[in-house]
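When you get a sec, could you build the whole thing from the sequences and use the hints?
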Amino acid sequence: MEKNHPYVFETRLEVRDYECDIEGIVNNANYLHYFEHTRHRFLQKTGLSFKDMHEKGTDAVVARMTLEYKTPLQCDDFMISKLWIEKQGVRYIFHQDIYRERDNRLSCRAKVELVCLVNGRLAISPEYDKAFEPYM
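If you count by this note's numbering, then the sequence shown holds residues 1 to 136, one letter each, in order.
What the hints contain is simulated information worked out from the structure, not anything from laboratory work. Keep in mind that a hint or two might mislead.
What the hints assert, rightly or not - Dumping the calculated DSBU-like pairs for lysine-lysine here, alpha-carbon to alpha-carbon at most 30 angstroms:
(1) Lys111 x Lys45
(2) Lys45 x Lys130
(3) Lys51 x Lys111
(4) Lys111 x Lys56
(5) Lys45 x Lys70
(6) Lys51 x Lys87
(7) Lys70 x Lys111
(8) Lys87 x Lys111
(9) Lys87 x Lys70
(10) Lys56 x Lys82
(11) Lys56 x Lys45
(12) Lys82 x Lys70
(13) Lys82 x Lys45
(14) Lys130 x Lys111
(15) Lys51 x Lys82
(16) Lys130 x Lys87
(17) Lys45 x Lys87
(18) Lys87 x Lys56
(19) Lys130 x Lys51
(20) Lys130 x Lys56
(21) Lys82 x Lys130
(22) Lys111 x Lys82
Claimed, not checked - Simulated restraints on C-beta separations:
(23) Ser49 x Lys87: 15 to 23 angstroms
(24) Pro126 x Tyr69: 31 to 39 angstroms
(25) Ile22 x Val61: 26 to 34 angstroms
(26) His33 x Lys87: 20 to 28 angstroms
(27) Asp21 x Gly47: 32 to 40 angstroms
(28) Ile22 x Glu68: 20 to 28 angstroms
(29) Gly57 x Asp17: 34 to 42 angstroms
(30) Glu133 x Asp21: 39 to 47 angstroms
(31) Gln74 x Ala123: 39 to 47 angstroms
(32) Phe78 x Asp52: 28 to 36 angstroms
From the three backbone atoms N, C-alpha and C, an ideal C-beta is built for every residue, glycine too.
Shown next as structure tokens:
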């Protein structure tokens, strides 16, 4: 994440026991779910519905994702999932961080690049641009 860039959205989530592996920590793949859930909640905040946009022929899809694991989450931990967003060409870049609530330590960091498919073709979505503009 760029230094001092302000987060534009955050949500609180809880680790569930079935998300942990034999070591007692959250399995790495579950962070993908946490990040996606955060983006969906953010989308709701903007007034858009992922389902409604799909029915109109516009799908926002992940094109690339990179993750950095820092401090493990464990069963019954609470986390604060935060994001900020920027646009580069046709890509929306979500910078997402998950902090372990009990000590505010960074647990995982992601850079998620999304693009829009409009009627199955790569395109700019005026609806997404308008919804995200106040947050970029």
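Now for the hints, and whether the structure bears them out:
1. Lys111 x Lys45: This hinted pair holds, its Cα atoms lying about 20 angstroms apart.
2. Lys45 x Lys130: 13 angstroms, holds
3. Lys51 x Lys111: 23 angstroms, holds
4. Lys111 x Lys56: With a Cα-Cα distance of about 27 angstroms, the restraint between Lys111 and Lys56 holds, given a limit of 30 angstroms.
5. Lys45 x Lys70: 28 angstroms, holds
6. Lys51 x Lys87: 22 angstroms, holds
7. Lys70 x Lys111: 14 angstroms, holds
8. Lys87 x Lys111: Between Lys87 and Lys111 the Cα gap is close to 12 angstroms, so the pair holds against 30 angstroms.
9. Lys87 x Lys70: 26 angstroms, holds
10. Lys56 x Lys82: 28 angstroms, holds
11. Lys56 x Lys45: 19 angstroms, holds
12. Lys82 x Lys70: 15 angstroms, holds
13. Lys82 x Lys45: With Cα atoms ~13 angstroms apart, Lys82 and Lys45 stay inside 30 angstroms; holds.
14. Lys130 x Lys111: Answer holds: Lys130 to Lys111 is near 22 angstroms, not above 30 angstroms.
15. Lys51 x Lys82: 23 angstroms, holds
16. Lys130 x Lys87: 12 angstroms, holds
17. Lys45 x Lys87: 18 angstroms, holds
18. Lys87 x Lys56: 22 angstroms, holds
19. Lys130 x Lys51: 17 angstroms, holds
20. Lys130 x Lys56: Since the Cα atoms of Lys130 and Lys56 sit roughly 16 angstroms apart, the hinted pair holds (cutoff 30 angstroms).
21. Lys82 x Lys130: 21 angstroms, holds
22. Lys111 x Lys82: Holds. Lys111 to Lys82 sits at ~12 angstroms (cutoff 30 angstroms).
23. Ser49 x Lys87: 15 to 23 angstroms: 20 angstroms, holds
24. Pro126 x Tyr69: 31 to 39 angstroms: Between Pro126 and Tyr69, where Cβ atoms are some 36 angstroms apart, the hint holds.
25. Ile22 x Val61: 26 to 34 angstroms: 33 angstroms Cβ-Cβ, so the 26 to 34 angstroms window holds.
26. His33 x Lys87: 20 to 28 angstroms: 25 angstroms, holds
27. Asp21 x Gly47: 32 to 40 angstroms: 38 angstroms, holds
28. Ile22 x Glu68: 20 to 28 angstroms: For Glu68 against Ile22, whose Cβ atoms are near 23 angstroms apart, the range 20 to 28 angstroms holds.
29. Gly57 x Asp17: 34 to 42 angstroms: 40 angstroms, holds
30. Glu133 x Asp21: 39 to 47 angstroms: About 40 angstroms separates the Cβ atoms of Glu133 and Asp21, which means 39 to 47 angstroms holds.
31. Gln74 x Ala123: 39 to 47 angstroms: 42 angstroms, holds
32. Phe78 x Asp52: 28 to 36 angstroms: This hint holds: roughly 30 angstroms between Cβ atoms.
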